[in-house]
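Asker: Sequence:
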Amino acid sequence: MKRSALAFLISSQSLSSPSSTVPNASALNIAILTGTTRTAGPPRPILGPRVASHVESRLAQRGNNVSVLDARKLDLPLLQKPHFAYTRSQVPSELQVIHETLATADAYVAITPEYNHAPSPALLNLLNHFGSSTFSFKPSAIVSYSAGQWGGTRAAHSLRPVLSELGCLPVSAMVHVPNAANVFHENGSLSCSEEEVDRWETYFDRCFSQLEWWGEAARIQRGEIDPFEDSPAFNNNPSQRNAPSKEKK
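Numbering (the numbering used here), first residue to last: 3 to 251.
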């Protein structure tokens, strides 16, 4: 896939119009990473796009600039060589476009279904193509969903240490959506009573307000102090992470 085509597929929008229901004084750049690669059932319907559309819409309504990295549309093979293992001139154009979206984000939202009590393999593959230097010193949020009653909670909890290791620490409030086919219309709008809509929006907003609080705080701090000065990225050798050892004589 050519660079220009991939850049087009990474949708970006900024909504700060009067229709925004939750105004935000300082818009953040938030990257949504989706996990589903399914295009056909059973089971039906395909739930991932519905959840992602709602998350994208809600974050935009809160005044943020939103980009979506959709695992179904990205031309990423199974991990063979991560972004940081290339010299700058050799990075594949598709990988570089994704990296630029991630690197310029102030915060992240990872959306995952649950496969065998674990996060989406496609989502993990996307994350593993990049090192902590891409994600570090920024917050993340986790949204999980399922067709059944558990809402992907086990996948969400398994995802927390992955995001933590990448340096984008997850906020404490997570969103779990059970029986997602009964919660969202195909376009991502909520398919429930007005009272239930209010409850769902409050539920999502608790998570997103934490993400925005930490995202704004981290952005301000990064503007004042380079966090990599005292905590440099390790890109050369795994031994860079090792504790000091006594030199052999």
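Because the hints were derived from the structure by calculation, they are not lab data.
A portion of the hints provided could be inaccurate.
Stated by the list, open to error - In silico DMTMM-like pairs for lysine to aspartate or glutamate, Cα to Cα no more than 20 Å straight-line:
{"#": "1", "residue 1": "75", "residue 2": "96"}
{"#": "2", "residue 1": "248", "residue 2": "226"}
{"#": "3", "residue 1": "248", "residue 2": "231"}
{"#": "4", "residue 1": "75", "residue 2": "102"}
{"#": "5", "residue 1": "75", "residue 2": "218"}
As the list claims (entries may be wrong) - Simulated restraints, written as ranges between beta carbons of each label pair:
{"#": "6", "residue 1": "106", "residue 2": "226", "range": "43 to 53 Å"}
{"#": "7", "residue 1": "43", "residue 2": "243", "range": "41 to 51 Å"}
{"#": "8", "residue 1": "230", "residue 2": "42", "range": "39 to 49 Å"}
Idealized CB from N, CA, C, for every residue including glycine.
Asker: Look at each hint and say if it fits the structure.
Answerer: Cross-check of the supplied hints:
1. Only pairs whose Cα atoms come within 20 Å are accepted, and residue 75 paired with residue 96 is accepted, the gap being roughly 11 Å.
2. Restraint check: the Cα-Cα separation between residue 248 and residue 226 comes to about 37 Å, which exceeds 20 Å; the hinted pair is violated.
3. Restraint check for residue 248 and residue 231: not satisfied, since their Cα atoms lie roughly 26 Å apart, outside the 20 Å limit.
4. Between residue 75 and residue 102 the CA atoms are separated by roughly 17 Å; this keeps the pair inside 20 Å, and the hint holds.
5. The straight-line distance between the Cα atoms of residue 75 and residue 218 is roughly 30 Å, outside the 20 Å bound, and the hint therefore fails.
6. About 18 Å separates the C-beta atoms of residue 106 and residue 226, a value inconsistent with the hinted range of 43 to 53 Å.
7. For the pair residue 43 and residue 243, the supplied restraint of 41 to 51 Å holds, since their beta-carbon distance comes to about 43 Å.
8. Take residue 230 and residue 42: their Cβ atoms lie about 44 Å apart, and the range 39 to 49 Å holds.
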